[in-house]
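Chemist: Chains as they are written, first to last, in the UniProt record's numbering: chain A, 1 to 431; chain B, 1 to 431; chain C, 1 to 431; chain D, 1 to 431.
Everything hinted at is true.
Which copy? The list can't say, so a pair holds if one copy fits it or any two copies do.
Straight line, CA to CA, 35 Å or less: simulated DSBU-like cross-link-like pairs of lysine-lysine:
| # | residue 1 | residue 2 |
| --- | --- | --- |
| 1 | K12 | K331 |
| 2 | K159 | K210 |
| 3 | K384 | K12 |
| 4 | K278 | K267 |
| 5 | K405 | K210 |
It should be emphasised that the hints constitute simulated quantities derived from the structure, not laboratory data.
There are 4 protein chains.
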Amino acid sequence: MAYRDEQLSEEKVFKDPVHRYVHVRDRVIWDLIATPEFQRLRRIKQLGTTNLTFHGAEHSRFNHSLGVYEIVRRIINNFQDRPHWNKEERLLCLCAALLHDLGHGPFSHSFEKVFKLDHEYFTQQIIVGDTKVNQVLERVNPGFSRDVADVIAKTYKDKLVVSLISSQIDADRMDYLQRDAYFTGVSYGHFDMERILRVMRPIEDQVVIKSTGMHAVEDYIMSRYQMYWQVYFHPVTRSAEVILSKILQRAKVLFEAEDFAFKLEPKHFLSFFNEDVKLADYLKLDDSIVFYYFQQWQEENDTILCDLCERFMNRHLFKYVEYSPNQPIDKWMELSGLFVEAGIDPEYYLVLDSSSDLPYDFYRPGEEGERLPINLLMPDGEVKELSRQSDIVEAISGKRRTDHKLYFPKDRIEALTDERIKHRMKEILYN
Amino acid sequence: MAYRDEQLSEEKVFKDPVHRYVHVRDRVIWDLIATPEFQRLRRIKQLGTTNLTFHGAEHSRFNHSLGVYEIVRRIINNFQDRPHWNKEERLLCLCAALLHDLGHGPFSHSFEKVFKLDHEYFTQQIIVGDTKVNQVLERVNPGFSRDVADVIAKTYKDKLVVSLISSQIDADRMDYLQRDAYFTGVSYGHFDMERILRVMRPIEDQVVIKSTGMHAVEDYIMSRYQMYWQVYFHPVTRSAEVILSKILQRAKVLFEAEDFAFKLEPKHFLSFFNEDVKLADYLKLDDSIVFYYFQQWQEENDTILCDLCERFMNRHLFKYVEYSPNQPIDKWMELSGLFVEAGIDPEYYLVLDSSSDLPYDFYRPGEEGERLPINLLMPDGEVKELSRQSDIVEAISGKRRTDHKLYFPKDRIEALTDERIKHRMKEILYN
Amino acid sequence: MAYRDEQLSEEKVFKDPVHRYVHVRDRVIWDLIATPEFQRLRRIKQLGTTNLTFHGAEHSRFNHSLGVYEIVRRIINNFQDRPHWNKEERLLCLCAALLHDLGHGPFSHSFEKVFKLDHEYFTQQIIVGDTKVNQVLERVNPGFSRDVADVIAKTYKDKLVVSLISSQIDADRMDYLQRDAYFTGVSYGHFDMERILRVMRPIEDQVVIKSTGMHAVEDYIMSRYQMYWQVYFHPVTRSAEVILSKILQRAKVLFEAEDFAFKLEPKHFLSFFNEDVKLADYLKLDDSIVFYYFQQWQEENDTILCDLCERFMNRHLFKYVEYSPNQPIDKWMELSGLFVEAGIDPEYYLVLDSSSDLPYDFYRPGEEGERLPINLLMPDGEVKELSRQSDIVEAISGKRRTDHKLYFPKDRIEALTDERIKHRMKEILYN
Amino acid sequence: MAYRDEQLSEEKVFKDPVHRYVHVRDRVIWDLIATPEFQRLRRIKQLGTTNLTFHGAEHSRFNHSLGVYEIVRRIINNFQDRPHWNKEERLLCLCAALLHDLGHGPFSHSFEKVFKLDHEYFTQQIIVGDTKVNQVLERVNPGFSRDVADVIAKTYKDKLVVSLISSQIDADRMDYLQRDAYFTGVSYGHFDMERILRVMRPIEDQVVIKSTGMHAVEDYIMSRYQMYWQVYFHPVTRSAEVILSKILQRAKVLFEAEDFAFKLEPKHFLSFFNEDVKLADYLKLDDSIVFYYFQQWQEENDTILCDLCERFMNRHLFKYVEYSPNQPIDKWMELSGLFVEAGIDPEYYLVLDSSSDLPYDFYRPGEEGERLPINLLMPDGEVKELSRQSDIVEAISGKRRTDHKLYFPKDRIEALTDERIKHRMKEILYN
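With the rest of the complex left out, here is chain A (with noise of 0.2 Å):
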């Protein structure tokens, strides 16, 4: 038998606390869990720093990738006899919706910003390049690894395969939404998605939803706005982000200052301090190895790094005010003086971060391009967009919300002995 079309004897389970079981027949999957590069991810947090805000929150991307693959499962179970689907498209969908992920790093969002990284990028290199992933990928056939990299980087020519792992309605977000609820214990992120599967349906280069489930994809979008303002952007998980963020801008500064040299040779990040990071040393990089640097570089000789390290281990974080950049500068340029005045730096103390969502939107011509709408198929076999039947959604439709916070030691506020410096501060951040 064919590699591709090769069964497991028996079918594998893995118990999942969200779909109950992730179910696993064919050998191909089977392989693919198995690669060094997918069992990294059991090491890399699905939600980065959030678990010092909702302490529940310490699931793995392996988890998270698992569970994405076991609902397109479903999906295409649900598609098998149906027109449209092209059922030598299963394989392939399988493999993209349990590999999109591959690519991430530990805390993403901050290594990409400043290391100016992609992590969509690094999935890619990991299917097509020099890895187990991609030799198990071209044993089903050779190109097949592209046709993967292609399908998660939404350029595959079957439009239709895109929309099930990439969409406004996707198996991805599906995963995360009920999974990051339940590890967090928020009650948030319920939405009936075995309803949503039944009423999803294959049509010529798309997947819609039937107009009977439209309530349940109403429901859906609500749990997505909730956990986005509860959960991902929740002020505390931010705090803790800025200051990692800092703590690899000041190693990188560190490294690159002429006068100063590590204790101990931050050989796992050289590649990043340099940009130019190849995958071998990519592949190296997981939670626990940023962990062990950052106790380690509480002991380097510099108090900025010591200090911010010390903070993100001991969950000792920023404080912050709402803050907005629209206010004119002078405030800001005061209060950056006024720290500088008390000899802590603005520059890793005074952060500005701002946070923004899009809970839903239809395509408008000329912007963001890629955000397919979510499409209902009425009785009549029409295909209208979503916000056009759902008030609801009409509702929030094209709204952005977006949230700015300053964020500061307030420790080290406290403990100023200048009463006029410290006084001064104060007035400016509270009023």
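Got chain A sorted already, so can you dock chains B, C and D onto it with the hints?
Modeler: This is chains B, C and D only, laid out in the frame that chain A set:
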């Protein structure tokens, strides 16, 4: 106001997926949670290698410690106006609950076995030694840290307080059964804790259970039984633990070998190898440090160490067969000999592992003195040991169950080219 | 001890699937639950005909009433030591919560419409009239029953007490959303009630919500929206209700007809037909009495009554189409005429039914004065109306949604032999 | 297409709180659900009087019947391509599952005892008799109704089919344990059904369980044990059942008495009193009819009947004490005499009730031949009886547990004015 009685201006809550919310009002508790020693528990997984079997089990000891605190808090709330209950012991109980696992290190089971350590010893040390935790406790009153340590060591004078923290139905067990069930996703581990808490009664020197709640306790004991055999002793988890122990053993052997030098100095492990672990060294070790070394050790000049580390990191585990230690020794000798002949060192690659559990027992004169029975408070005020009242508990009481498994790298055997050796090995293993 | 303050020797609990346990300590509450008037609520389904759509929805108003009581009990527990809260009102609130639905009869909606009744009037009557409930309340203190009735009627002087029982986020709604979701099994209806209860604060004349809990309230409002449209206004449920109303209407018509005599004297219905319902008569009616008559009426000498009863009992319902009441009346006239021509009385077999809901609204001068807004308590002590702070609530605030459906017996139309009539009917209905 | 194979144009689903969704695709099943005989199950509570103890337990047999059907549907889905499984039996299994409880009447237990009925007999009658259900079944093929009846009666030739519907781990039990737990809200009743379904295997003449699923089965058996003792045999529920039986007994006695005439003719009960129940009479009885009479009988001219009916309707139940039937008879005689002396007829007011359960048993020669054991399928293909493999099941296997309680109206005793009688009664009862 005395530090002991200080309350936060507003109650703080932690969102907890198991108990919904963990409530903190005491300043002392808040300060203890903020110590580096307690925050360190975030980097130590509650269930060690179990996540390699149940991928959801990635939760930390930090999680569990908050949960135990919360359960004790609720019990004490119910006790407030009951006879026998000494309100003065409230804070002591809360602190002991929160800190009871403070001395756990990474993968405790394996580390303790290989390096002859005892996490309970380190819990004591952290509480009474030179730590931030100790500073907070001593601020309550001098000697308070000693009291907390004594409660955890079960030597505290008030046995009622001790039994709240350590008994066959204590807050520790009630939390971990539910928590581990939640994160693994298994359907065992459910019991009506709310009811058990409501029927707990303090009497002179112990906590007893009103007999009307007996069935909830039965359910708890059955949960415990199932969790032990389905989760804690799962043979795949044990396979990972076997490999982990062998890595540590091998590293120690290499360290002691005159003709071997590590490329990377095993700084964090030195005091462990020398079996003279200082508190500061102990506190520096967590899961991420272990993972760092295991990643690096894959590049050391020792094939056994490299191979075992690769296996652990990539979940490339040993397979197993049932194996009774009571079998005649000659088979074992022959198998061991065949391994040597095949160039697979049996010291590291042929490992017998045994698990054993006693689901419930009452005190039997002369043995296991510490295993205090669960006692029921009958309507007439009499106290009766549980197994006298419960048919089901009686049926399993005192029945120890043990399981022996032999672990080995099946892939290595399959790869042997000498068909005679290979055939004979499999003959012995699978018959 | 005064009866008002009497406590049960031991707390009683009811196992409740929604709130886990309902706790009763007050003798007065215990005695109220034991009255025949309250026990009667066991024989009245909370959701009338909804179980014909969602088969799990068979729960009674007894269930719900205990739930509302329990929520108010928890709120008051949190209020105990807060400013503005008058501890003397505790028992009053508990009684009002428990008894607020006491006057509901079977299938209230239809009965009220056909017989021009008002369950709120009967709730008042049961509380202040000659009943066991009244005896219990008056034992607390003379006039206490009047106070309870006033709270439920929203005329009680202390508006804070009223707002606990009746507002846009009261205990009534919080219970029924969760309870109806639980019993139907739909995934809507989840929100973090525990958090809402924790952020409720009594102020001078109302209950407000601390602004930190705003998102939990948003979630509650979305739950409410979804429950209305997915469950309460479900078109199949309304079909059963339409039939039920028509049965009652037909029975009344027959009763009033000079040339018709019931085989079975409709003893329980006489005072309803005569529109002069005495309290004692009202209390005798429950779901089972209605079912008894509907079973018996299948054998009366009137084909319409028989047919409608058969349909109701055997879930042989009407079908429906969308139908706007704003359409030109000629279509309706024609359709109605065709029904007459076909021998299907349109008065009973062609029914327009409309449902309408306003998910949330704040007070608008001159209209709907009773709809008190949900107010948030900001960190600075200011009180702000919810929709000013919440984008999502703002988006749906004040937007009434209405749905019109036309119900008819499709089976009767399909069975017509006159092809012209049949064809034309379907043409009008389905185009 | 043959009626047997007809599929609905689109799958229909029922939202079910226990199994999420019940799926129907076969026209035959859809038609069976629509029959009056099946719809009648909506008016018969699954757990009779249990809702007087656990107020959530108001669900009907309609609910449960759909659930059993759904479980069997899922099992068969898994069986489709397995050896030993005869695909031709699919529809037969589904029909038998759906209809297995069709002959249940209201409060079956009490009615069967007092009127010497057997619901299994009526299930058979409804299936093969002159009913709509029979018409649907015979349309499949002549004789099909007989086959369905035989499967339910366990006399069908294919024992594999029978064991699916009736065994110690059948779809019936798996549904009611979970369903009753869900509606009562108790924490027992959880087991991993999904896993059990996945490890069920058809062999020659029975369903067996792959040994890897043994622990899920243990959990199921423990659930069953707890549900029996905590829910089904709850003493308060039994008190209501005792009163119900005594009402029926009293009504029959009055009916047979020459000197008594009912004000209201007990039309629905006549054939029951005469112990000659026709199918049509039987089908007319449901919970609501019973409640109608009990309401009316409170006004008959018999104080015992009135009192018992008032007690049942208003949950004014008997109290109870433990009472062994093995006690010397003289105490009983004395107590009975005292009741007579006090004017409380012991025939109706002093009732011994016994409950007894055998949690699991295997076949023991010569006794209880029908109790087929649960068999495990070992890895080597051998079949082993469960209790030989499971320590826990072995421990409780064959151990019958019985509970005896004596019920009486405590209020009547307390109200006695003759202090001697009262004192002596209490002395006997409470010592």
